[in-house]
Amino acid sequence: MDFLVFQYPMITVQACLDGILLGVLFALIAYGMALQWGVMNIINIAQGDLVILGGYIAYFMYLYGIHPAWGVIVAPVIMYFVGIAIYKLVINKVVDRDLFISILATFGISILFMQLMNFAFGADVVLANSGYGTTMLFDSNVVLPNSKIFSAFISILFAACLVIYMKKSKLGRAIRATAQNARAAKILGVDTEKVYAATFGINAALCGVAGALISITFTIHPYMGLPYTIRSFMIVIVAGLGNLPGVAMSGMGLGVFEEFADYILGTEFRIGSVFLLLVLILVYRRFKLSRKREYLK
Amino acid sequence: MRLNKIILSFVSALVILFSTSVASFAKVVGDKIILGAAISLTGKYSSNGVHTQNGYNMAVDRINSMGGVKVGGKTYKFDIIYYDDESNPKRAAQLAERLISQDGVEFMLGPYSSGLTKAIAPVTEKYGVPMVEANGASRSLFTKGYKYLFAVLAPANLYLDVAIETAVELNGGKPVKIAQAFEQDAFSQDVRLGILDAAERTGSKIIIDDKLPKELNDMAATLVKVKQMKPDVLVVSGHTKGALTAIRQIAEMKVDVPMLAMTHCDAAKLSKQHGKNSQYALCASQWHKSLTYKDDFFKDGMTYAADFEKEFGYDPPYQSAESSAALLVFKDAFERANSFDQKKVRDALAATNMQTFYGNIKFAPGGQNVDKPMVLFQVMCDASGSCENKVVAPLKWASAKLIHPIPKWSER
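As they're listed, the protein sequences go chains A and B. Residue numbering for the first sequence follows my numbering, starting at 232 and increasing by one per position. Residue numbering for the second sequence follows my numbering, starting at 3 and increasing by one per position.
Since the hints were derived computationally from the structure, they do not count as laboratory data. Backbone N, C-alpha and C fix where the C-beta goes; we use that ideal spot for every residue, glycine too. Among the hints, erroneous ones may be present.
Only some residues are given here: those of chain B computed to face chain A with a beta carbon under 8 Å [as the list claims (entries may be wrong)]:
1) S49
2) S142
3) T145
4) A222
5) V226
6) Q344
Rough simulated footprint, nothing fancy, chain B against chain A, three-plus residues with beta-carbon under 8 Å [what the hints assert, rightly or not]:
7) 301 to 308
8) 323 to 329
9) 336 to 350
10) 356 to 364
11) 408 to 422
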C-alpha cells in the first residue's frame with residue numbers, strides 16, 4: 232500500500248496536479264491572511280469562517296437558481312462589507328494592542344460565526360453543483376474535475392488583480408505604506424484607520440471568493456472553517472509576510488505535500504501531516520533565528 | 003472573619019437551593035409519565051437532533067391521543083422534558099445528570115448519535131434509570147454490560163455487511179475485492195469492523211482501507227486509488243458529508259466501480275442534492291417506509307410517512323422512525339411491568355418482543371435489537387431525472403431488483 236505512488240505512476244501525476252489546483256485556492260485565502268497580518272498585525276482565526284460564509288452566499292444563489300459561479304462576483308462584494316462591519320465593531324478596538332488580544336478577539340468572532348451560520352443555515356452539509364464536466368488526461372488515467380480547474384483559474388485571476396491594485400492604486404500604496412510603518416504613514420497624511428478597514432474588507436472579500444469556489448468544488452458546513460484557517464496560517468508562516476510569490480509557492484507546495492502525504496502515509500494522516508509540518512517549520516525558524524541572534528552578539 | 007461569613011452564607015445558600023430543587027419533579031406527576039431526553043437542537047448534529055425530536059413528539063402525541071399508557075388500571079400520558087445538549091458529549095452527560103438528580107426523571111430517551119449516547123449511558127446506568135435509545139448504533143455501546151440501555155436499532159457493524167454478502171453472491175460466491183473509506187468516528191469505525199468481519203467470512207480481500215478525517219470534504223485521493231486498483235465494491239461511511247463528497251467526486255472523476263455502498267444517504271438527501279449522479283448508490287438504512295411491518299399506532303411505514311409529512315412537512319428519515327419506535331417500546335414495557343418501579347420496567351424492557359411499524363424489536367443481553375435486519379436501498383432515477391430510493395436487499399423486503407454492476411460513466 233505504501234508504494235502505491237510507484238506501482239501506479241499516474242498517481243504521482245494526479246497527486247501533483249490535484250495538489251497544485253488545491254494549493255492555488257489555499258494560497259488565495261493565505262494571501263488575505265498575510266495582507267492583514269502584515270498591515271494590522273492581526274492573526275485572524277476567523278479566516279476559515281469567513282470562507283465558509285462566502286461559500287454559503289454562493290450556495291444560496293445556487294438554491295435560487297442562479298449559477299453558483301456568479302458567487303465569485305457576488306460573494307466578495309457582500310463579504311467586503313461584512314469585513315468592514317467586523318472591523319468597525321471589533322477589530323478597531325484591538326488593532327494596536329497585543330497580538331494575543333487580537334487572537335482572542337478573532338477566536339471569539341470565529342465561534343460566533345460558526346454558531347450563527349449553524350443557526351441560520353442549519354447543520355446540514357451542503358454544496359453547489361456547477362455542472363462543469365471533467366477533463367481527462369493521459370488516456371483517462373488522470374482526471375481533473377473542471378470545477379477544480381475553474382477555481383484555480385479564478386484564484387489566480389483574483390490574486391493577480393490584487394497585486395496590480397496594490398502596486399498601482401492610491402489605496403494600494405497607502406496599504407503598503409501602512410504595512411511598512413504605520414506611524415510614519417500617519418504623519419505623511421495616510422488615514423490609517425481607513426486603510427485598516429479597507430484591508431480587513433479586502434481580506435474578507437478574498438475569503439468570499441475562496442468560499443464560493445469551495446462550495447463549487449467541495450462541500451461546506453458551518454463547522455468546517457478551522458482547517459482553512461490553519462492551512463492559511465501555515466502557508467503564511469512558511470512564506471513570510473509580504474512575500475506574495477512565496478505565498479503562492481508555499482500554497483501549492485502545501486497542496487502537493489498534502490496529496491502525497493495522503494497516498495504515502497494514508498488519508499488519516501493528511502491533516503496531521505500538515506500540523507507536523509507546521510511544528511517542524513516553526514522549530515526550524517526558531518533555530519535559524521537563535522543562530523542569527525548569536526551572530527549579532 | 004468576614005471571609006468566613008461570606009463562605010458560610012454562600013454554602014448555606016447552596017444547601018437551600020439544592021434542598022428545594024431536588025425532586026421538584028417526579029417520574030409520574032398526576033396522570034403524566036415524564037421522560038427525559040437530551041437532544042442536539044443546536045450544534046453540528048442539530049438536523050438529525052430535530053429529526054429525533056420530531057420522531058419522539060409524533061409518537062407521544064399518537065400514543066396520548068390513542069388512550070395513553072395503562073398501568074395499574076389507570077391511564078397515563080407521556081410527556082418529555084427536553085434539554086439541548088449542543089451536540090457536545092460533555093454537555094449531554096451533565097444534562098443527563100441534571101434530568102435524573104434535579105428533575106427527578108426516572109426514565110430516559112436517548113440522544114442523537116453514538117458519541118452522545120456513549121456519554122449518557124454511564125450516567126443512566128449509575129442511577130439505574132432505564133433508557134431506550136434510538137440513535138446510538140455503535141457496537142461498543144452493547145459490549146460494556148450496560149443493564150439499563152436498550153437500543154431499538156441494529157448495531158453499526160451490521161450496516162453494510164449485507165452489501166458485501168450481496169456482492170459475493172453476485173460474483174458467483176467468489177470473494178470480492180473491497181475498497182473502503184471511513185471517517186474516524188465511533189460509528190463509522192464500527193461499520194468498518196462489520197466490513198472486516200464480512201470480508202473474513204467470505205474470504206474477500208480489502209485492497210484499500212482509508213480513514214477519512216473529521217473535516218472531510220475531499221476524498222479525491224481515495225478515489226484515484228479506486229480508479230487505479232479497480233475494486234469490486236467501494237464502501238464509504240462518513241455521515242452526511244461523506245455521502246455527499248463521495249457522490250460529487252465519483253461523478254466528477256468518472257470513477258467506475260461495480261458496487262457503491264454507503265451510509266447516511268437518507269440524511270444527506272442524496273438524490274435531491276445530486277440528482278442523477280447519485281443513481282445506483284446503495285445505502286444502508288435502519289428503516290424504509292415501504293417495509294411492511296405493522297403496529298396499532300402508526301399502522302405501517304407508508305401511513306407513518308404520510309402522517310409525518312403532514313405534521314412536519316418532510317419525508318421522515320429513518321432517524322425519526324426509530325425515535326418514534328422507542329416510545330412504543332416504552333409504552334409496551336410499562337404496561338407489561340404494570341408498575342413504575344425502575345427495576346420492573348427494566349426487566350419488562352429486557353423481555354420486549356414486539357412488532358412496530360419500524361420493525362421487530364427484541365433485545366439481546368447487551369441491549370441491541372437483534373430482531374431487525376438492516377435494509378439496503380438503491381437510488382434509482384427515471385429518464386426525467388427524478389430519483390427514488392428503492393429497497394433491494396434483503397430479498398424478503400425488496401421492492402425493486404438490484405442493478406448490478408453499475409453502468410460505466412462512459413455508457414450513461
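Here is how each hint holds up against the structure:
1. Hint status for B/S49: holds, given a least beta-carbon distance of 5 Å to chain A, under 8 Å.
2. The restraint placing B/S142 at the interface with chain A is violated, with a minimum CB-CB distance near 19 Å, outside the 8 Å limit.
3. At a threshold of 8 Å, the smallest CB-CB gap from B/T145 to chain A is about 24 Å, leaving the interface hint violated.
4. At its closest, the beta carbon of B/A222 sits 6 Å from a beta carbon of chain A; the interface hint therefore holds under the 8 Å criterion.
5. Taking 8 Å as the C-beta contact cut-off toward chain A, the hint placing B/V226 at the interface holds, the least distance being around 5 Å.
6. For B/Q344, the interface hint is violated, the least distance from its beta-carbon to any beta-carbon of chain A being 34 Å, above 8 Å.
7. Counting residues of the segment 301 to 308 of chain A whose C-beta sits closer than 8 Å to any C-beta of chain B gives 0, which falls short of three, so the coverage hint is violated.
8. Evaluation of the coverage hint for the segment 323 to 329 of chain A: breached, as 0 residues show C-beta separations to chain B shorter than 8 Å, against a requirement of three.
9. Under the rule that three or more residues need a Cβ within less than 8 Å of chain B, the assignment of the segment 336 to 350 of chain A holds, with 3 such residues.
10. With 4 residues bearing a CB less than 8 Å from a CB of chain B, the segment 356 to 364 of chain A meets the requirement of three and the coverage assertion stands.
11. Beta-carbon proximity to chain B at under 8 Å applies to 0 residues in the segment 408 to 422 of chain A; the threshold of 3 is not reached and the given coverage is violated.
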